[in-house]
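Engineer: Each chain, letter by letter, is given below.
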Amino acid sequence: MIGFLLRRLGLAAATLFAVVTIAFLLGRATGAPGALLLPDNATTEDIAALNASLGFDLPLIVQYFSYVAGLFAGDFGDSYRLREPALGLILARLPATFELALSAFSVGLALALVVALSIQLTGSRALRAIAGWAGALRQSVPDFFFGLLLVLVFSVTLSVLPSLGRTSPASLVLPVITLATGQFVMYLRLLDAALSEQADQDYVRTAFAQGQTRSTILVTQMLPNALLPVLGMAGLNLGGLLGGTVVVEVVFAWPGLGQLLTNAVSQRDFPIVQAGLLFVALMFVFVNIVVDIVVYRIDPRTSLA
Amino acid sequence: MTAQPLTAPALADGAARPRFELRASAVVGISMICAVLLLAAIPPLIPGFDAMAQDLRSARIAPFADAAHPLGTDALGRDLLSRVSLASSVTLGITLAVVCMNALIGSTAGIVAGYFGGRTEALFSVVSNTTLAMPVVLLLIAISAVVPPSAGLTIVVLGCTWWVGYARVTRNVASSLRRQDFVVAPLTQGADAIWVLTRHIVPNVWPHTLIIAATDIATIVLIESSLEYLGLGVQPPVPSWGSMIFEGQQYLGSDPWLAILPGLVMFLAVAGTQFLSQQFTAESRGSLLRKGGM
Chain H
1 MIGFLLRRLG LAAATLFAVV TIAFLLGRAT GAPGALLLPD NATTEDIAAL NASLGFDLPL
61 IVQYFSYVAG LFAGDFGDSY RLREPALGLI LARLPATFEL ALSAFSVGLA LALVVALSIQ
121 LTGSRALRAI AGWAGALRQS VPDFFFGLLL VLVFSVTLSV LPSLGRTSPA SLVLPVITLA
181 TGQFVMYLRL LDAALSEQAD QDYVRTAFAQ GQTRSTILVT QMLPNALLPV LGMAGLNLGG
241 LLGGTVVVEV VFAWPGLGQL LTNAVSQRDF PIVQAGLLFV ALMFVFVNIV VDIVVYRIDP
301 RTSLA
Chain F
1 MTAQPLTAPA LADGAARPRF ELRASAVVGI SMICAVLLLA AIPPLIPGFD AMAQDLRSAR
61 IAPFADAAHP LGTDALGRDL LSRVSLASSV TLGITLAVVC MNALIGSTAG IVAGYFGGRT
121 EALFSVVSNT TLAMPVVLLL IAISAVVPPS AGLTIVVLGC TWWVGYARVT RNVASSLRRQ
181 DFVVAPLTQG ADAIWVLTRH IVPNVWPHTL IIAATDIATI VLIESSLEYL GLGVQPPVPS
241 WGSMIFEGQQ YLGSDPWLAI LPGLVMFLAV AGTQFLSQQF TAESRGSLLR KGGM
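Respectively, the protein sequence lines represent chains H and F.
The first sequence lines up with residues 1 to 305 when you count with the numbering used here.
The second sequence lines up with residues 1 to 294 when you count with the numbering used here.
Be aware that a few hints might be false.
[Said to hold, decoys possible] Covered stretches of chain F, as calculated for chain H (at least 3 residues, CB under 8 Å):
{"no.": "1", "region": "28-40"}
{"no.": "2", "region": "98-106"}
{"no.": "3", "region": "116-130"}
{"no.": "4", "region": "251-257"}
[Claimed, not checked] To spell it out: a stretch of chain H is covered by chain F in this simulated footprint if at least three of its residues, at any positions, have a beta carbon under 8 Å from a beta carbon of chain F; those stretches are:
{"no.": "5", "region": "53-65"}
{"no.": "6", "region": "92-99"}
By construction, these hints were calculated from the structure, which means they are not laboratory data.
Built from N, CA and C at the ideal position, the CB exists for glycine as well.
Working from the sequences, and respecting the hints, build out all of it.
Structural biologist: This is the structure:
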């Protein structure tokens with residue numbers, strides 16, 4: 001366990017180091033921001049003074065070390081425009097993004113669970129085929145276009161659901177359906193494959209021989225084993241999930257991280273973008289360590305590569 | 001014993017190759033892809049169709065209402081058929097470039113990591129985890145704060161980040177091949193790693209690369225159009241499916257076809273490749289996939 005943890009943490013540290021370096025280099029590549037921040041009539045001395053106060057006159061390696069030292073102190077840099085810590089701005093937007101991402105994840109997974117269990121309980125080939133085809137068709141259009149179609153039907157034509165903003169619980173419905181249906185197929189395929197594989201195992205046959213009912217075996221014995229690959233996949237897919245949420249936030253004018261970052265780019269407020277990228281990467285690394293440990297605790301057979 | 005060249009068996013299990021049958025879904029897929037390719041290829045050949053020419057007096061004509069503009073016009077009076085056609089060429093071109101880059105980078109990384117193992121493999125884990133940790137949308141948002149977005153930037157960023165899937169599969173294949181007799185034998189006779197890699201590993205790995213590429217085309221189209229929807233791809237006035245949908249979104253209430261038309265063409269392309277790639281995946285995985293029924 002200790003060796004596994006150490007190896008896992010070493011890998012995570014190396015990943016974080018690479019991400020931090022990329023984020024830093026991207027930040028410096030934007031160039032010194034003095035000319036951008038001051039009014040047009042500012043003198044060259046003023047610009048140089050501002051750049052110096054932001055630390056842009058120091059050698060690159062010194063800047064890098066002070067940036068990394070700042071990160072350890074929780075300092076992700078300050079927004080150029082608002083002169084506020086970028087981390088604070090990101091944390092303020094995080095609840096909205098999490099609300100959307102977690103609701104979509106839960107709805108998508110719950111839907112996949114219900115369908116996968118129904119397929120196993122009924123043994124229905126038709127249900128499996130229909131669910132598979134519906135999922136494949138849904139995956140043939142990107143989230144943002146599916147979202148627009150939902151807006152066209154439910155907001156423009158039927159006028160039953162709001163299409164923009166985050167004003168009432170009803171505003172959550174369309175973006176969550178958009179994201180959840182997109183993920184549903186992936187989880188369904190994983191669950192269905194895992195459950196079908198479990199069905200051939202000896203322990204299942206033994207349980208049947210003992211006279212346990214099909215639904216008891218399915219829920220108490222097969223399902224926990226089948227959930228493992230889904231858990232791992234969900235962890236690895238976290239980056240994609242948050243990236244997808246960013247786009248859907250723009251479609252529905254959802255006031256989350258995506259809106260903050262796209263606005264920051266158009267205002268050339270790079271520290272916010274840099275901090276956002278770093279924060280998401282940190283979250284990815286952290287969640288994947290947790291997933292690895294959880295899978296390891298649940299399943300002692302896990303090869304600890 | 002003379003040094004007889006050892007070549008990899010074409011089919012490892014020596015089973016008779018099953019007769020090639022074109023599935024119904026593959027026929028549907030090919031038809032859908034052909035429709036998109038024709039849409040991309042034919043309008044530029046007809047004189048009088050211009051994707052850029054603006055005519056504000058004939059803005060937002062509905063489809064099938066005017067013979068001069070068979071699919072109608074957009075908010076600036078530009079011919080929609082010409083724009084959807086050009087957008088298809090642009091998007092398919094970018095997709096092809098990205099998929100080729102991904103396949104090349106991913107397979108090379110996977111083969112090297114799988115064959116040599118050890119430290120190379122550890123380095124590979126760090127690099128692939130780093131690219132996974134930074135969602136490509138966020139990375140492109142960050143980079144476009146530095147470099148102005150363009151088609152070339154999209155190709156480079158997507159091309160350099162979306163290869164982990166190829167690398168994972170080819171690494172597993174290469175590392176399982178590495179211990180097999182036909183790979184070890186030439187080494188005992190003095191062949192070097194380059195010989196083994198090019199003669200024995202690559203020929204056994206590239207079919208896997210091809211299958212992933214076939215299924216990945218759809219994914220790349222979807223990601224790329226999302227980036228274009230955010231304004232991070234091809235810049236106006238050159239159209240792309242994503243940017244046309246973004247432009248059409250503001251007229252969703254009055255003229256929904258402005259967004260639906262490019263979306264429909266994108267659906268044809270993506271669904272077409274998905275249906276077609278089912279043929280490949282079914283061929284390769286055989287019973288495993290048919291058992292799943294999807």
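Engineer: Which of the stated hints cannot be reconciled with the structure, identified by number in ascending sequence?
Structural biologist: Hints 1, 2, 5 and 6 contradicted; others consistent.
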